[in-house]
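S.K.: Read top to bottom, the protein sequences are chains A and B.
For the first sequence, our numbering begins at 3 and goes up steadily by one.
For the second sequence, our numbering begins at 7 and goes up steadily by one.
Hint data in this document are derived by calculation from the structure and do not stem from the laboratory.
Computed from a predicted model, the values in this text were never measured in an experiment.
For every residue, glycine included, the Cβ atom is placed at its ideal position computed from N, Cα and C.
Hints may contain errors.
To be verified - Partial pick of chain A residues on the chain B-facing surface, computed with a CB cut under 7 Å: (1) Ile-126; (2) Asp-194; (3) Leu-196.
Stated by the list, open to error - Derived SDA-like pairs (lysine to any residue); straight-line CA-CA distance at most 25 Å: (4) B/Lys-164 to A/Leu-150; (5) B/Lys-189 to A/Leu-224; (6) B/Lys-189 to B/Gln-66; (7) B/Lys-445 to B/Gly-364; (8) B/Lys-445 to B/Val-428; (9) B/Lys-189 to A/Glu-214; (10) B/Lys-189 to A/His-65; (11) B/Lys-189 to A/Asn-220; (12) B/Lys-445 to B/Ala-476; (13) B/Lys-189 to A/Phe-149; (14) B/Lys-164 to B/Gln-66; (15) B/Lys-164 to A/His-65; (16) B/Lys-164 to A/Tyr-60; (17) B/Lys-164 to B/Arg-304; (18) B/Lys-164 to A/Asp-217; (19) B/Lys-164 to A/Gly-63; (20) B/Lys-445 to B/Gly-331; (21) B/Lys-164 to A/Ile-14; (22) B/Lys-164 to A/Gly-203; (23) B/Lys-164 to A/Gly-190; (24) B/Lys-189 to B/His-203; (25) B/Lys-164 to A/Met-152; (26) B/Lys-164 to A/Asn-220; (27) B/Lys-445 to B/Leu-426; (28) B/Lys-208 to B/Gly-364; (29) B/Lys-164 to A/Met-128; (30) B/Lys-189 to B/Leu-282; (31) B/Lys-208 to A/Ile-14; (32) B/Lys-164 to A/Cys-23; (33) B/Lys-208 to A/His-65; (34) B/Lys-164 to A/Leu-93; (35) B/Lys-445 to B/Ile-333; (36) B/Lys-189 to B/Lys-164; (37) B/Lys-189 to B/Thr-202; (38) B/Lys-164 to A/Phe-149; (39) B/Lys-164 to A/Ser-127; (40) B/Lys-164 to A/Leu-64.
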Amino acid sequence: MHLLHPFTVPVINVLNLLAACLLLLSFAMLSRRRTQRLITLFAWQGGILCLSTSLVAYSSGLHELYYSAALTLLLKVITLPLILRRLIYRLGAEWDSETMVNIPVTMLAGLMLVIFAFGLAQPISMMATTITRNMLGIALAVILLSFLMMITRRKAVTQVIGFLAMENGLFFAATSATYGMPMVIELGIALDVLVGVFILGLFFFQIREQFESLDLRNMENLKEE
Amino acid sequence: MELLAVLSLPLLGFFLLALFGARRVAPELNISISLATFIAASLLAVRVARHGPILVLHDQFFVDAFNVFLVALTAFVGLTTAIFSRPYMRIEELHGRLTPRRLRLYHAMYQLFMAAMFLALLTNNMGLLWVAMEAATLSTVLLVSLYRTRASLEAAWKYFILCGVGIAQALFGTILLYFAAEKALGSEGMTALLWTHLNAVKGQLEPRVLGLAFVFLLVGYGTKVGLAPLHNWLPDAHAEGPTPVSAVLSGLLLNVALYAVIRCKVLVEGSIGVALPSRMLMGFGLLSAVLASFFLWRQRDIKRLFGYSSIEHMGIITFAFGLGGPIANFAALLHMTVHSLTKSSIFFTAGHASQASGTQQMDGIRGLLGTSPTIGWGLMLGSLAILGMPPFGVFSSEFLILTTAMREHPGTTPLLLIALGVAFAAIFSRVQPMVFGDKEAQPLPHSPALVPVFVHLALVLMLGIYMPPALAEWYRVAARLIG
């Protein structure tokens, strides 16, 4: 077993601050209608993740975590936002916005979800080390908020961003609560995400071709008669 | 050695078919790779039956009676589906629904999908299991949307988003599992997620964390099993994808996802006791079986009908695993086998039936016996088998499940009987006019390969009448492993 250095108080405070920022960004994503803004916010989330992972790496002395921080930076801050931007540019969907979303109601539902997430994570937080106490709750809240975003939005691109934001929440749970999953698995997950985004990119063009729009309201034909 | 062959042959097949998948020989290549994989899998099964469980490559891969049985089944159905798909896809091409480029995608993804399933079955690492399940999802998304019609795109999108969300829940569950394991095993490299290591210390894992982890894992992998209320993707994906894909989705992927759930259940039971996991499995299982049987009445599309029937059967199997104990587990494993054999053979015939009639709508399919008796009889016998008529193996497993349920949880038997009865009435009333009825179907432009259908049904019949002692012993060992 690795001997983990005890975290110092300032480190914990900074980590808590980063966690709070992550949660705040999730709410910001819920409140945005424009796809481009969402991509920017998603990139910011990736940046926060990268920072928090490096901080955990630095203070716990687990050097593999630097690799996962680098992986996050490469994938979630640079590659994925780039791919998404190019996709919506080529689809001519840069200024698409969601008009059907009731933002205040969504925000209220989001608040409820956060309370629920903290309640769910409470018993586990009690037995965790100091560093992870609030982290699991926040990670779960980020996952649920992204889920909410996927449910409320009707555009294909937005749903995918919601999906990726959920992956961010999962990644945060992995690094903060457990000092990172083993490297091979992280690589596997990263590969799956990347392949998934490529497949979805292909999909966007096919959907566009067939439905003349990326609006998923057109895709409600398959149901029971 | 055999293990590496099982894992690497489909992967090799993926690369070969990605290069040559558009050639005329591609289907034959697909069949030969599947055959080689099947031979390797059988050798692996023989070895495990003789020498017991195997742990290789720094404990990263693990084979015991439970997963080797699924590996053999997967390889077998993979082979027969490859044989079936050769004429089927050729007819689709003749009908102008597919181009050689799409066929290349189909063949390559078929092998990748097989590789992902073998990895999921053979890995000892809970994290890799997750990665493999996700890879299996991604490879089938492209297969479901192969026809590029509006409906198939919609089905594939639904499949991706629902299964993606489901599988994300499973990842959270896996993270929680790791969180608990780290406390018991230490974070020494990769070992904290190895199933065998976790299984050794499962008594020391923190119960509260594992309880929550199991909820996430069950909901997550359960989405892929097709358990209600997260089953919405399943009928669409089955109906809109090409038929060989429906056959392997129903016959294999659902089994592999259920395998993941059961592996998790074994760990969790060691920590929090059997009460919560078994109740959850029974609840989800019953709900899926009953709900699906009522949905069967409202179906007009033949492949959707049998998609719902898969949900019903996966529900029954999940319920049986929830019951636990040697008999129910034995029955569940048997039911997994017979369901996968029967359902894939039904999809084979249903696919050709809709090709002959030019529609998947059941109202348009009439008088199969008149034009092509083999397809008609195959569909009829397959339906009788899946409905649990006595000489077939489905009857034995359902009978065992029912009697165990009567003894252990009498309250659940009426629900189970309702599900079985309603499903019987719904499916039989639909299949009967399709098979008999007036002659409307056209002869197929290319002769179909229906040998797999009858091989599958003969196996199911054999399992119902006479089970070889070696096979029974094998099921018994696997059932004991699950506890």
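S.K.: Hinted pair, alpha-carbon criterion (25 Å max): B/Lys-189, B/Leu-282. Please report holds or violated.
M.R.: 23 Å, holds
S.K.: Given the hinted pair B/Lys-164 and A/Asp-217, is their Cα-Cα distance within 25 Å?
M.R.: 14 Å, holds
S.K.: Quickly compare the C-alpha distance for B/Lys-164 and A/Gly-190 to 25 Å and report which way the hint goes.
M.R.: Holds, because 23 Å separates the two Cα atoms, which is no more than 25 Å.
S.K.: Should the hint that A/Leu-196 touches chain B count as held when the rule is a Cβ pair under 7 Å?
M.R.: 10 Å, violated
S.K.: Please work out if B/Lys-445 and B/Ala-476 have their alpha carbons no farther apart than 25 Å.
M.R.: 46 Å, violated
S.K.: Does B/Lys-189 pair with A/Phe-149 here, judged by a C-alpha cut-off of 25 Å?
M.R.: 30 Å, violated
S.K.: Verify the proposed pairing of B/Lys-164 with A/Phe-149, using a straight-line Cα cut of 25 Å.
M.R.: 15 Å, holds
S.K.: Given the proposed pairing of B/Lys-189 with A/Leu-224, does the C-alpha separation stay at or below 25 Å?
M.R.: 47 Å, violated
S.K.: Checking hints one by one. Is A/Ile-126 an interface residue toward chain B, by the C-beta closer than 7 Å rule?
M.R.: 5 Å, holds
S.K.: Does A/His-65 lie within 25 Å of B/Lys-164 when you go C-alpha to C-alpha?
M.R.: Violated - the C-alpha atoms of A/His-65 and B/Lys-164 are around 40 Å apart, more than 25 Å.
S.K.: Take a quick look at whether B/Lys-189 and B/His-203 sit within 25 Å of each other, Cα to Cα.
M.R.: Holds - the C-alpha atoms of B/His-203 and B/Lys-189 are around 13 Å apart, at most 25 Å.
S.K.: Compare the distance between the alpha carbons of B/Lys-164 and A/Leu-64 with 25 Å, and conclude whether the hinted pair is satisfied.
M.R.: Status violated; Cα separation ~40 Å.
The structure fails to meet hints 3, 5, 8, 9, 11, 12, 13, 14, 15, 16, 19, 20, 21, 27, 28, 29, 31, 32, 33, 35, 36, 39, 40 from the earlier list, while all remaining hints are met.
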